[in-house]
Amino acid sequence: MKKPILLLLAAILTISASVARAEEDHAYTQGPVVIVSFIRTEPGMFEEYMRYLASTYKHVMSEYKKQGIITDYAVYQALPRNPQDADSDP
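Numbering (numbering that gives the first Met the number 0), first residue to last: 0 to 89.
Simulated from the structure, these hints should not be mistaken for laboratory data. Keep in mind that a hint or two might mislead.
Stated by the list, open to error - Quick list of simulated restraints, FRET-style, between CB atoms:
#1 Thr-70 <-> Arg-50: 24 to 30 angstroms
#2 Tyr-63 <-> Leu-12: 41 to 47 angstroms
#3 Leu-78 <-> Tyr-27: 28 to 34 angstroms
Virtual Cβ for every residue (Gly too), placed ideally from N, Cα, C.
With these hints in hand, go ahead and build the complete structure from the sequences.
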């Protein structure tokens with residue numbers, strides 16, 4: 000009766016030790032998270048989307064930053080390499 004209990008206890012200790020060690024061996028350090036969104040606008044709607052970002056979106060993000068919900072935000076524009084890329088409005 001003692002042997003199965005000892006084996007079970009040894010297995011539990013081995014598993015818990017390996018889990019604890021795995022939690023310590025991160026290939027990264029914790030810090031801010033960056034969320035990137037790629038947006039493709041409908042034809043002719045790029046300028047309308049940019050106006051939205053300059054008004055409503057900017058006000059919302061500024062308020063989030065003031066409240067400490069986010070640390071920062073940014074808007075970038077990239078030139079598309081093909082019609083399937085983001086921001087492919089001519």
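Tyr-63 paired with Leu-12, Cβ distance criterion 41 to 47 angstroms: holds (46 angstroms)
How does the Cβ-Cβ distance of Leu-78 and Tyr-27 compare with 28 to 34 angstroms: does it lie in that range? Because 31 angstroms falls inside the window, the suggested range holds.
Kindly confirm whether 24 to 30 angstroms is satisfied by the beta carbon distance between Thr-70 and Arg-50. holds (26 angstroms)
Going down the numbered hints, you'll see the structure goes against none, and every one checks out.
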